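Colleague: Here is how the chains run, residue by residue.
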Amino acid sequence: MAGVSETAPGRLLVVDDNEANRDLLVRRLEKHGYVVTTAINGRDALERLAAAPFDVMLLDIMMPELNGYQVLERLRDDPPLAAVRVIMLSALDEVDSVVRCLELGADDYLTKPFNATLLRARIESSLARKRLRDREALHARSLERELEIGREIQAEFLPARLPEIPGWQFAAALRSARQVGGDFYDAFAVDASGRVALAVADVCDKGVGAALFMALYRTMLRVTASRNGGSAQPDPGAMLHLVNDYIATVHGRSNMFATVFFAILDPPTGALVFANGGHEPPLLRRADGALERLLPGGPAVGMIAGASFSSASVQLAPGDALLAYSDGVTEARSDDGSLFGDDRLAALLAAPVGSAAELLARVEGELARHVGAAPASDDVTLLAIRRAG
Amino acid sequence: MEINIAQRGDVVVVAVVGSIDATSAPQLSTALSDQIGQGRVRLVGDLSGCDYTSSAGLRALLGSVKDSRSGGGDLRLAGVQKNVFKVLEMSGFTSILKSFPDVDQAVASFGG
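Protein sequences, first through last, are from chains H and P. Take the first sequence: its position 312, counting from 1, is numbered 312 in our numbering, and each next residue is one higher. Take the second sequence: its position 43, counting from 1, is numbered 43 in our numbering, and each next residue is one higher.
Quick caveat, the hints were computed from the structure, so don't treat them as lab data. All values reported here derive from a predicted model rather than from experimental measurement. Please note that the accuracy of each hint is not assured.
Claimed, not checked - A few chain H residues that face chain P, going by a derived Cβ cut-off under 10 angstroms, partial list only:
#1 181
#2 252
#3 255
#4 256
#5 278
#6 280
#7 298
#8 300
#9 304
#10 327
What the hints assert, rightly or not - Simulated DEER-style distance windows between Cβ atoms:
#11 69(P) x 148(H): 35 to 41 angstroms
#12 337(H) x 105(P): 28 to 34 angstroms
#13 365(H) x 4(P): 41 to 47 angstroms
We treat Cβ as the ideally placed atom computed from N, Cα and C, and that holds for glycine.
For reference, chain H alone in the conformation it holds in the complex:
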């Protein structure tokens, strides 16, 4: 990636079919310390622009091969070349032509014969504009790179595959917003006991910071679940408490927190013990259509040291389905700005659920219809579990 130098001499390209004009300009410009290259017509100019970077082009209008208008048209259709600033070289009686060139994207013009002071001033002004544009382009590229790093971290910390347990179905999806957030889901066997830990979380704010904390939360939850999730009476609330106090004390200065739904499922019995730290309540759809919400039993995790999180349990019977999600679902906006909303999500669970994958597709389909062409402002995360039956 090329840097942007404020002190390097300006790189100029002088395009004129008249040799005497070219030589005069080159002599004057080199005296001022510019690095000057010449081209004898429009075609020659395009070839030189393609071969090496230039800051400012001084472009004659009437030339054989390709004239000034045609060069401007080619530049307009070629974004990498369009970065070069263009000053038209015109005769005094060419006002209409100059106007046409400005409309085609030229920045400025000079009339022949050239006044030395004016020539210098116009070139310096175009150079300043070019350097500003280069800085902006450099900044945009580094931001884009940062977003890419965030997305890579996020993707790396999602489970490669979901558990496969006879009699149970798991399905999950995470759609990253353009500006990466800190959502994640997880589903993994805690140990040889056969229990499965489930998580859906949303780390506050966005960007690489959120992605790094997402990796930290996910890792800490995995470690605590592997140590305690297989005990006779797993206590996910105690696990959230551990993670909470670690983040709030060790990383207190960052003021980061995450809303976390965390659960331990015992597949043979269908017992699900969960703790909800400030997260959107997952929806439990019973086989008969009744809807229950697994409400928060504590604040967002990592906010304040000493917070407590209560564990609660539900029994998943054959045909029951659980849908955990992040607020990127309910706060997804349509083109006209309206939110997807809790009610619409709940209404989607009215119809019988065929499988976890079918439920996921149902929600994603309705969400896509709602959002339309509007860009996603937040990550969208979904985790569906269903006990077959």
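Given the structure of chain H, go ahead and fit chain P onto it with the hints provided.
Modeller: Below, chain P without anything else, positioned relative to chain H:
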């Protein structure tokens, strides 16, 4: 988002008008920490004109309530709209931040 700052005795009222999201939250953070940095640690966040906050806004509030308290003051909220209150309640912010129906009551709660 727009931020308006007004002094009420030794309490500073920071009013937010509009939505707080990842782009505008740093502006709120800066406005609050500027006050705390100047020793004005009794703060009221007037959210009566705020129709939405993302978690980035909550993060800004969390940092400021911690900093103001460690300076011997507090950050209290006023006039929180229903849907913003729902977000505060769900994430447990209502258990750490005091919230009042309007600015007058929030200012008065500091005891003059």
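Colleague: Does each hint hold? Answer for all of them.
Modeller: These are the hints, each one checked on the structure:
Contact between residue 181(H) and chain P, as hinted, is supported at the beta carbon level, the nearest pair being about 8 angstroms apart and thus within 10 angstroms. With a cut of 10 angstroms, the hint placing residue 252(H) at the interface with chain P holds, because the nearest CB-to-CB distance is about 8 angstroms. At about 4 angstroms, the closest approach between the beta carbon of residue 255(H) and any beta carbon in chain P falls short of 10 angstroms, and the interface hint on this residue holds. At about 7 angstroms, the closest approach between the beta carbon of residue 256(H) and any beta carbon in chain P falls short of 10 angstroms, and the interface hint on this residue holds.
About 4 angstroms separates the beta-carbon of residue 278(H) from the nearest beta-carbon of chain P, less than 10 angstroms, and the hint is met. Hint on residue 280(H) holds. Least Cβ distance to chain P is approximately 7 angstroms, under the 10 angstroms limit. For the restraint placing residue 298(H) at the interface with chain P, the shortest Cβ-Cβ distance is roughly 7 angstroms, inside the 10 angstroms limit, so the hint holds. For residue 300(H), the interface hint holds, the least distance from its beta-carbon to any beta-carbon of chain P being 4 angstroms, beneath 10 angstroms.
Satisfaction of the interface hint for residue 304(H) is found here, the shortest Cβ-Cβ separation to chain P being roughly 6 angstroms, below the 10 angstroms cut-off. Below 10 angstroms, beta-carbon pairs count as interface contacts, and residue 327(H) has one with chain P at about 8 angstroms; its hint therefore holds. With their beta carbons about 38 angstroms apart, residue 69(P) and residue 148(H) fall inside the hinted range of 35 to 41 angstroms. Restraint check, residue 337(H) to residue 105(P): a C-beta distance of roughly 32 angstroms satisfies the suggested window 28 to 34 angstroms.
Here the CB-CB span from residue 365(H) to residue 4(P) is close to 43 angstroms, well matched to the stated 41 to 47 angstroms.
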